[in-house]
Amino acid sequence: MENLRHDPIYRLLLDGPPRSVREIETLLGMSRVTASQRIRDLAQAGLIAEGESVASGGGRPARTWRIEPHHRNLVGIDVGETMARVTLFSLGFEALDEELLPIDLRAEPRGTLAALAAAAERLVRSPAASAPVAALGIGLPAPIDYRQGRVARPSVMYGWEDLDIRALLSERLGLPVALDNDVNLMCLAEQRLHWPEARNLVFIKAGTGIGCGIIADGHMLRGAFGTSGDIGHIQHTPQPHHLCRCGKEGCIEAHAAGWAIARDLRALGHACEDARDVMRLYAAGAPECRALVNAGSRIIGTVGADLVAVLNPQMLVIGGTLSGAGEAMLAGIRERIYQRCLPLATERLQICTAQGDGRLGAKGAAMLAWQRVTGPG
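By UniProt numbering, the letter at position 56 of the sequence shown is numbered 56, and the numbering carries on one by one without gaps.
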């Protein structure tokens, strides 16, 4: 795998859609002879394969090249607050096998990590595997010190900051391991798989908690200390103030996150424990639920407007469980963004719900793992 770290054609195809020889020449500044020879070498090694032909400027359709999806397999782990998804993927990010594990982040962390590792071991040995597993990625619902590979002062993962998660998993599984915040990984997968031409994209996850991932000029922004995108704890001040899980009053999360809406619905007499219950009531047409979700969307739109003003993205994508409210959620977000931002920032801005499925976070984890293996050393 080491040579792939420095192969520009493989890196280009890994980070984007299938490309024709002409596109590869243009984007990498290569001659036709050099590009064609290297493509032949990669294809003969089983690393890339022919994609679909595309229309050219005239004459025959142009042949494209893509990553060979079954050259290696990957494992992606998406850890939520109540459930973890452990998925075996091809390099084309087709799910080959999967386990869903109920978890409790308040439990002893080494036991939870051992359960995740055991699930990954079972997938590595799965009959569904189409190739050897090259690497594993894991996303956690907490700020991550990306350089150190550790949880940084978590608000919901107490005790995890003391664990070298990458080292523990790598030692047990014998695989390279990549670690990042769960929303960053959702953002990565959404951009790479569905909006590859969008070099400036913000992904807001509205689920049990609220956070965002930021891609600026094609690069993930992680910040200095792991708190980049932690928008759920920006202060919001409607009356009455609500106490947030972080211990402060008036956070965005305390008014608009799934756990907060569930709290308010319980106070109104509904059986509602989490964001999934919120969406169940929303789908059933419960008026109190719809009112709370719609109000929450406007609160999220307020902080979304700040993100648009500061970052000037092409796309603002809304994911997470609460995005199941669809156009109603988007309407509240758009309302606040258009009210608060200059037309220059919004006239070409696309605001939409995530195109990815429930495996978006696990796919992003697998992508990051493969980048760790093949990316710049």
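The reader is advised that the hints may include incorrect statements.
[As the list claims (entries may be wrong)] DEER-style ranges, computed between Cβ atoms:
#, residue 1, residue 2, range
1, Gln235, Asp41, 36 to 46 Å
2, Ala198, Ala224, 34 to 44 Å
3, Gly174, Thr82, 53 to 63 Å
4, Glu108, Ala152, 41 to 51 Å
5, Gln37, Gly358, 21 to 31 Å
6, Ala128, Glu171, 36 to 46 Å
[Unchecked claim] List time: in silico SDA-like cross-link candidates among lysine to any residue, alpha-carbon distance up to 25 Å:
#, residue 1, residue 2
7, Lys248, Ala284
8, Lys248, Leu100
9, Lys248, Asp162
10, Lys248, Asp145
11, Lys248, Glu121
12, Lys248, Ala107
13, Lys248, Phe225
14, Lys248, Asn312
15, Lys248, Ala328
Just so you know, these hints were derived from the structure itself, not from any lab. Being a predicted model, the structure only gives us computed values, none of them experimental. Cβ coordinates follow ideal geometry from the N, Cα and C atoms, glycine included.
Run the structure past the numbered hints and jot down the numbers of the failing ones, going up.
-> 1, 2, 3, 4, 5, 6, 7, 8, 11, 14 and 15
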